[in-house]
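Protein chains in written order, with the numbering used here: chain Z, 83 to 353; chain E, 3 to 400.
Rather than coming from a laboratory, the hints here were simulated on the basis of the structure.
Do not rely on the hints blindly, as some may be mistaken.
Interface residues of chain Z toward chain E, partial, derived using beta-carbon atoms under 7 Å [said to hold, decoys possible]:
1. I195
2. G210
3. A218
4. A224
5. A234
Positions of the beta carbon are idealized from the N, C-alpha and C atoms, including for glycine.
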Amino acid sequence: MASPTTCKLNAWIDGIGLLGPGLDQWASARPLLAGAADYAPQPVVVPPPMALPPPERRRVGLAAKVALTVAQEAIAAAQVDARTLASVFSSSGADGDNCDAICRVLASADRHISPTRFHNSVHNAAAGYWGIASGAMTPATALCAYDGSFGAGLLEALTQMAVDGVGTLLVTYEAPYPEPLHAKRPHPAAFGLALVLMPQPGPRSLAALQVQLTQAPCDRLANANLEALRLQIPAARGLPLLQVLARGRAERVVLEYLDPLNLAVDVLPCR
Amino acid sequence: MTPVRFSHFTASSCLGCGLDATLAALRAQRGGLAPCGFEGADDLATYVGEVPALDAVALPTELAEYECRNNRLALLGLQQDGFSGAVAAASARYGRGRVGVLLGTSTAGMLQAELAYARRDPDTGALPDDFIYRTTHNTYSVAAFIRDYFHLEGPAMVVSTACSSSAKVFASAARLLAAGVIDAALVGGVDSLCLTTLYGFNSLELLSPAPCRPFAADRQGLSIGEAAAFVLLERPVDSLDAAAVLLLGTGESSDAYHMSSPHPDGLGAQLAMSAALRSAGLQAADIDYINLHGTATPSNDAAEGKAVAALFGNRTPASSVKGATGHTLGAAGALEAVISALALQYAFLPGGVNTPNPDPNIPIHYLTANRTLAPRRVMTNSFGFGGTNCSLVLGRAG
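The following block holds chain Z by itself, in its conformation from the complex:
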């Protein structure tokens, strides 16, 4: 019987997408995460999703826009055809604005929900918009594991690669809820993190990963502002991995998953 400590999953990271407060694209965030420049939180500016046809561009919500933005950055960096990759979308809350709008209508005298509100309410809305934007007819999934959503997405992407041998786009993202839900689930800002994960090394590979389940405690970020993000936004639970990649050193990092399980990631830079 395989024990949790012996089962290791491998992947190569070929592309990274990042968007969050004071973190706009991997290239500019890299020195901040490596500690070579000072990190200062800034309001998040989410670009319009130009890859979507105009009708969908009008209907898409903030959370899915964040997901599409980081997905496209990661795909462009990896120089890979998105239509060849499976995709894993993972989010704790998905579209919070839309959820609030639906709940308000349902609590009112006229319970007529708009069709767009309803189809944007599905947890896989971002995956659906990604399919329309990219043309990928490959498997796409949408996961939730509350604060463990980054870990759940990474584990799903890695097992898909290990078993099916396909490259996988992992997209984890979050958008803040408006009040009154914000008081119950206070995500402070929009945040997205995408990785293009490949089963073999290639010319674009940044690092090799070897991942296993562990009960060791998760790593924290030394910068207090970044650590606050990590704790407040499920998708930002992946930031310690990006910090190791930013430093460009061979290192082990432990990412938070679901109590008592965490994910130990051995990172080996390719260049």
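Chain E: place on chain Z using the hints.
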């Protein structure tokens, strides 16, 4: 793929709680849809498949924070057919950290948030103190509840891809088993009635005013149902009973077409079905019965019919059980995998309920009545909003 064993399974829906009630209803071609009297939605002229007596289910005191309709339905489902005992035994056998929990749901405990919004503080707009987001409203809440209920410590997640959610958990669990990350998986789907889905489908004008009629020429839309269905997946053992059910193949795809309409030619559905056959190492002719997604909306059934006809022609018997169960959304994949397993074990093909006259424009072999035939391999389809598709191939061990 390496086959995976259904070591235990159970289902509860408007057909009844547990396998005996489900099987009896299927054999009698008896549906469970009734006029919608769901609290807060009784102005909708539609039928629903409600699980009776859910209000009487009480969560264990130590798990009281999980209190909501969806988790009550989950608990009711887990208590049928000795399923809880089987999970506890697997946990003891493999270790708490080696049993995964992978569940599908579309709305989890969304109803709890809907009810909380109706009780907002009139001055501040704040939600009531007794509304607990993490354990009820959040999409993961049902998996958290079940993981805590069994004191499990392994990987867990919810797949929430609308109406394919609890079909896709089988594929994810099979991969975790194949990769050696876990030794058993509690998979399934739990989705309960709530206002978002009732009024949402109403806004799309997709609710049937009569009990839904999948694949009928005069189909008028879907009937929403609720269900909890669970399967304990393990690797096959050497001495398998001939009636044991195996997951032989899984196929997933995306339409990449539209958020709420299927590809008109069912291209995504075809990709999922072909991938499932390939994963099982089978040809279309090897499939003895297709459990269709068959929601009874005009465009869904037309698209699925085209996809099935393209791959299977009009030879393979096929039906949708949604005329009996309603569309149980995020629970439909698991519910219909369990019904497909019953067809394999009890040697019958379930005929579609409410569809005496299949649509002549859909050239497939639609079963309008039960047939006594011992299928060896069946396919079950689940397709959802956002263009997400999943097909599973199940078979008997012998």
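A234 (chain Z) as chain E interface residue, shortest Cβ-Cβ below 7 Å: At 4 Å from the nearest chain E Cβ, A234 (chain Z) passes the 7 Å test, so the hint holds.
Cut-off 7 Å, beta-carbon criterion: hint that A224 (chain Z) touches chain E: Holds, because the Cβ-Cβ distance from A224 (chain Z) to chain E comes to roughly 5 Å (cut-off 7 Å).
Chain E contact restraint on A218 (chain Z) - CB to CB distance below 7 Å: holds, 6 Å
Hint check, G210 (chain Z) versus chain E [nearest Cβ-Cβ separation less than 7 Å]: holds, 3 Å
Restraint satisfaction for I195 (chain Z) [CB to CB of chain E, less than 7 Å]: holds, 5 Å
Consistency with the previously given hints is maintained throughout, with no hint failing.
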